[in-house]
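> All chains should be built: construct the whole structure from the sequences, respecting the hints.
Residue numbers (this note's numbering): 192 to 274.
It is worth saying that the hints were derived from the structure and are not from the lab. Keep in mind that the hints are not guaranteed to be accurate.
Okay, the calculated beta carbon distance ranges per label pair [said to hold, decoys possible]:
id	residue 1	residue 2	range
1	229	249	34 to 42 angstroms
2	219	246	36 to 44 angstroms
3	228	206	24 to 32 angstroms
4	258	221	50 to 58 angstroms
5	247	227	32 to 40 angstroms
6	246	221	35 to 43 angstroms
7	256	222	45 to 53 angstroms
8	223	252	42 to 50 angstroms
9	265	230	43 to 51 angstroms
10	257	219	56 to 64 angstroms
11	256	219	49 to 57 angstroms
12	225	249	38 to 46 angstroms
13	206	246	52 to 60 angstroms
14	220	256	46 to 54 angstroms
We treat Cβ as the ideally placed atom computed from N, Cα and C, and that holds for glycine.
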Amino acid sequence: MCKSMNFEFYSEDVENLEENDSEDLTTEKYVHLQSEQVNFIQEDHSSEKDEDREDVSISMIKKIVTSRMKCRHLLKSITVIKL
Numbered sequence: 192m193c194k195s196m197n198f199e200f201y202s203e204d205v206e207n208l209e210e211n212d213s214e215d216l217t218t219e220k221y222v223h224l225q226s227e228q229v230n231f232i233q234e235d236h237s238s239e240k241d242e243d244r245e246d247v248s249i250s251m252i253k254k255i256v257t258s259r260m261k262c263r264h265l266l267k268s269i270t271v272i273k274l
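Next up, the structure:
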């Protein structure tokens, strides 16, 4: 077929394709590969989370919440003047 369409090909490439084609994946091999891929993605994702994560103390969280509540209260008390 390649010859009829004037494509260049090398016999080594054809042999490699034939060898790879003969090595069909069994269900077990496919499941194993899929499992490895999922594990790799999970490990990669979890390491990214750990790098970005920062420990915050309870007192700091309380300060943040208190400050937010004060801001909300202040915003409610401000009257908007239309120009």
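> Give a verdict on every hint.
Here is how each hint holds up against the structure:
| no. | hint | verdict |
| --- | --- | --- |
| 1 | 229 - 249: 34 to 42 angstroms | 35 angstroms, holds |
| 2 | 219 - 246: 36 to 44 angstroms | 43 angstroms, holds |
| 3 | 228 - 206: 24 to 32 angstroms | 28 angstroms, holds |
| 4 | 258 - 221: 50 to 58 angstroms | 54 angstroms, holds |
| 5 | 247 - 227: 32 to 40 angstroms | 35 angstroms, holds |
| 6 | 246 - 221: 35 to 43 angstroms | 41 angstroms, holds |
| 7 | 256 - 222: 45 to 53 angstroms | 47 angstroms, holds |
| 8 | 223 - 252: 42 to 50 angstroms | 44 angstroms, holds |
| 9 | 265 - 230: 43 to 51 angstroms | 50 angstroms, holds |
| 10 | 257 - 219: 56 to 64 angstroms | 58 angstroms, holds |
| 11 | 256 - 219: 49 to 57 angstroms | 53 angstroms, holds |
| 12 | 225 - 249: 38 to 46 angstroms | 42 angstroms, holds |
| 13 | 206 - 246: 52 to 60 angstroms | 57 angstroms, holds |
| 14 | 220 - 256: 46 to 54 angstroms | 53 angstroms, holds |
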